[in-house]
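Chemist: Listed below are the residues making up each chain.
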Amino acid sequence: MQFLKRFARAKLPTLGLLIVVIVMVDALVGRWLTPYDPMAQNIMKRLMPPLGVDGGRLHLLGTEALGRDILSRLMVGAQVSMLVGFASVLVSGIVGVALGMIAGYDDRRIGRAIMALTDIQLAIPFLVLSIAVIAVLGPSLWNLILVLGLTNWVQYARVVRAECLTLRNREYVQAARALGASTPRILLRHLLPNVLPAVVVISSLLVARMILFESSLSFLGLGVPPSIPTWGGMISDGRNYMANAWWVAAMPGLAIFITVVAINLVGDRLRDMLDPRLKQMEG
Amino acid sequence: MLGYLLSRLLYAIGVVFGVSVAVFFLIRIGGDPSALFLPPDATLADIARFRTEMGFDRPLSAQYLDFMGRALHGDLGQSLRYQEPALRLVLERVPATLQLSSVALLLALLVSVPLAITGAVYRGSALDRTGLVISMVGESFPSFWLSIMLILILSQHFHMLPASGNSGWQSLIMPAISLAAYSTAIITRLLRSSMIEVLQSDYIRTARGKGLASGLVIFKHALRNAAIPTVTVLGLQIGALLGGAVITEQIFAYPGIGRLAIQAISNRDFTVVQAFVMFTAIVIVVINLIVDACYALLDPRLRKG
Amino acid sequence: MRRRELLTGTAGLLAGVAVASLSRPVFAQQASTLTVAQSTDALTLDPAKHSSFPTANVCFHIYDAIVSMDAGGNFVPALATEWSNPDPLTWRFKLRQGVSFHNGEPFNAAAVKFTFDRALDPKFKAPYYSRIAQIKAVNVIDDHTVDFKTAAPFPTMLFSLYEASFAALIVPPGYIKDKGADILASAPVGTGPYKFVEWVKDDHVKLEANPDYWGGAPAVKTVVFRPITEVQTRIAELSSGGVDIAVDIPPESVDGIKTGDGTKIASTGSDFVYFYSFNTVKQSPLQNKLVRQAINYAIDVDSIQKALLGGLGNRIALTLPTNAFGYDPSWKPYPYDPDKAKALLAQAGYANGFSIPLTARQGRYMKDTEIMEATIGYLQAVGITVEENYLEAGVWATVSAAKGRDGICFPGWSGRDPDLVWYPLLYSGQYQSYYSNPDLDKLLDAGRQTLDANERKAIYEKAAAIIKEEAPHVPLVQPPLIYGLTQRTNWQPRTDSMIDLRKATLA
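Residue numbers (the working numbering), protein chains in the order written: chain A, 1 to 283; chain B, 284 to 588; chain C, 589 to 1095.
Looking at chain A on its own, in the form it has when it is part of the complex:
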């Protein structure tokens, strides 16, 4: 509670937090609140502009190429986009933190090998990895999350390793080791709690980027199947209509923009509060 109060001292990030909460609530319950069935097609009333009225019913944000209601799809799309954002960050975080802690605690061979792995990972185009995953596991939402997770763990690994390198020589860690604590125990009990603030901050900023990455993958035809509405997929579907039906791509674009700005505002604030040093690590 106290933390929230401190957070609320900055006005803009508080607005950001509010938006993030609204989007999350929408992601959870939005599917029951939509004005239309987000899947219901009617190609005879396609590309209706915002505020278009059909049969006495209002399409607040217009309709897309197959006549589906854009507002309804945005509301349901929030769920998938948020899921992609948070779940892929979770995957990245688990992989990155685990490898980073091992590399930071053991600075010898394993540690160096892990650091080399981060350089290798950076050099492999995400397209290659993503096609390999899709070829083996098939195209699906969960595999998309896996791809995004596996291409973004490097940042965690580097930051966590740097933290661990300084932490492992602290007295309490040395003491624990002298008392015979096992390595996993030291990592989990003594190091993990201390790297968590950094992890929280990276995560909050990475969620926003993951939502953008998802739209890039959709653009390249490697996103989730088009009937599942995601914000990124909706922009990508709408790009051929930008010249004559701007709202198809602009509405999801706006949704992403507002949400990403809000998440970034929250992330920045968290960074300032939790760990002022961390800004050196961003990439």
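Treat each hint with caution, since some may be false.
List time: in silico PhoX-like cross-link candidates among lysine-lysine, alpha-carbon distance up to 25 Å [to be verified]:
1. C:LYS737 with C:LYS711
2. C:LYS1050 with C:LYS1030
3. C:LYS894 with A:LYS45
4. C:LYS765 with C:LYS711
5. C:LYS846 with A:LYS45
6. C:LYS701 with C:LYS682
Since the hints were derived computationally from the structure, they do not count as laboratory data.
The structure presented is a predicted model; accordingly, all values stated were derived computationally and were not measured.
Place chains B and C on chain A using the hints.
Modeler: Leaving out everything else, chains B and C in the frame of chain A:
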């Protein structure tokens, strides 16, 4: 110092080797090019014959040994689609990409550094807010969306700039803007907050107290210290620029390596993908080496860490 | 940040962009240069070394084939002036006299023989080998007469010898022997209307008119081919005059280009067909004929064509382009009748519907994804749940090579003869075929064993009846080919999507 450089070099070779192994197997997991390359009315027998001729039916381990053996002699193989040496295809497109990325990086620095400095010095001013808005907008749009918007507005509507190709400096403007957007945002935010922190530190206050001209203090002392974290990020950003170039080059029909790569990947032109990725790996490793050297120049204390 | 401050910031940003782009327009159209924007660059300029249409379009201006096609889709003389069949296994061509390659080398029967011997050599590994594989030998009769020999009658021979059979473009034997086997890839020499000038990879290929062309010097002096993948970029280049012909314009952009300043649309039907193919080989409800018919009744193809293709293209009754040999205009497609579809499903024992995968690629053909999405909606309405399985192109190819296309499929096909369409798509065991019917097989075999047009027509009429009743496909439409043109450009598109600038002019 020589020992240090040598160990870094060995490390770099290790990374490039690791990349070559990873990409060799990953791209082959994604399917083989025979059916893609032959016309749709090819028969199954045609496809099988082609696969055997090309050696795609051999065990992956044997294919890898073959590839490695030739790679050690500098031969990265023939492109299937272009029927030309893969390395040549990549290298002949490097200058165009280098041109675009350096213009984008320059643009990012030209916009972000002044914005960050004035923002830090005059915190809360209109300029500071402009900088914040730019950085927030820059990192919150998908880059392909920004690219298409630029084309629609500046080329299609106002006919101000060519929408595609590489013919003179005008054709670099839009791709450079869309490529630089994200980097500009990151550098502005980062440099601004480092500057604010440094400007509040004791030694800057002392310097100012001693009556040194404030311009001198800002440029000589504060910027130098604030630049260290920025250089780190710049190193990572060059990797991001190369990655971002894939989509940007595709949209603006820019003849660089990103466009070659995306087509090679979707056509499973294995040798070209390998040559591209190994080239990128070398660039990233070399840039990391340069970044390390910059650290040493900017802050001698860091040399030990 | 308050709202006003946000506005100040945004204004600053816009001002920055405006300043950065203070440049004079850079689109000086050249009076005698015509620029074509295709989706990809040429891969090579050796006509027999690729399998890509954009590459073929470039090559077709440097080289000629022995026969060509006019805008109406009829075969016309090119490097051959006339042809005949002395017997069912021989095609005899009289060659044009007095033609020479760009390097001065004379064109003759030896050049024709050399071209096909080269491409048919297994060591050469021509990607389009399958298109010419029926040719067993090319024999020189005299300096300007050649015989093409086949093992069995080959009624569609001319489709294998004209320019869209890429390896059939005639290459100069002396030049290749002098300069090496790879020379054409980067320094092409042909008999065509344009000579090669330069190729900046992934940027442009430039050609200049051949004043001595046997068909008369082309009116347009310089031709440039540029690769622009993203369709919005092509349209922007067209509307600013940077290119004169832009390929593959989506239907929703047609009106904008028609009414645009200095731009127009050129459109024609294509030799292409959109259809769904059912996997009837694997255990599934699709093995039941009633289910296949029901799906045909369930999809409102006319509305799809109207809404998604802007009403362009032709509705097809069977999987065959309307301009193909043997297509009978009296054939009728299954009408849209969802009630009938439900009744048939109930009769087949699927009153509560079923669930079936859709295996396809996304963004491969114009509007394909939207058409499939719309189809999913129609099938949902009669109780059939579709599981989308969109595959990346390379994965699709690998799955296809293993004959693993499950459920309903959107493959896309082209060809102007039933033997080029139904044989590969419906004959038992063929690579692209997921259907088997011995009666149909017999007819398809018979259709390729005679050169007699009337006899063939009768055979395919019988095959058509079986295909209609058995419904192994859902025929959709023959999509349009849509090109954006600058006002000054006079040029006729062709149904086979080959771009031919021989008769093009610039106003």
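Chemist: A separate judgement is required for each hint: does it hold in the structure or not?
Modeler: Taking the hints in turn, this is what the structure says about them:
1. C:LYS737 with C:LYS711: holds, 21 Å
2. C:LYS1050 with C:LYS1030: holds, 11 Å
3. C:LYS894 with A:LYS45: holds, 12 Å
4. C:LYS765 with C:LYS711: holds, 17 Å
5. C:LYS846 with A:LYS45: Since the Cα atoms of C:LYS846 and A:LYS45 sit roughly 23 Å apart, the hinted pair holds (cutoff 25 Å).
6. C:LYS701 with C:LYS682: holds, 13 Å
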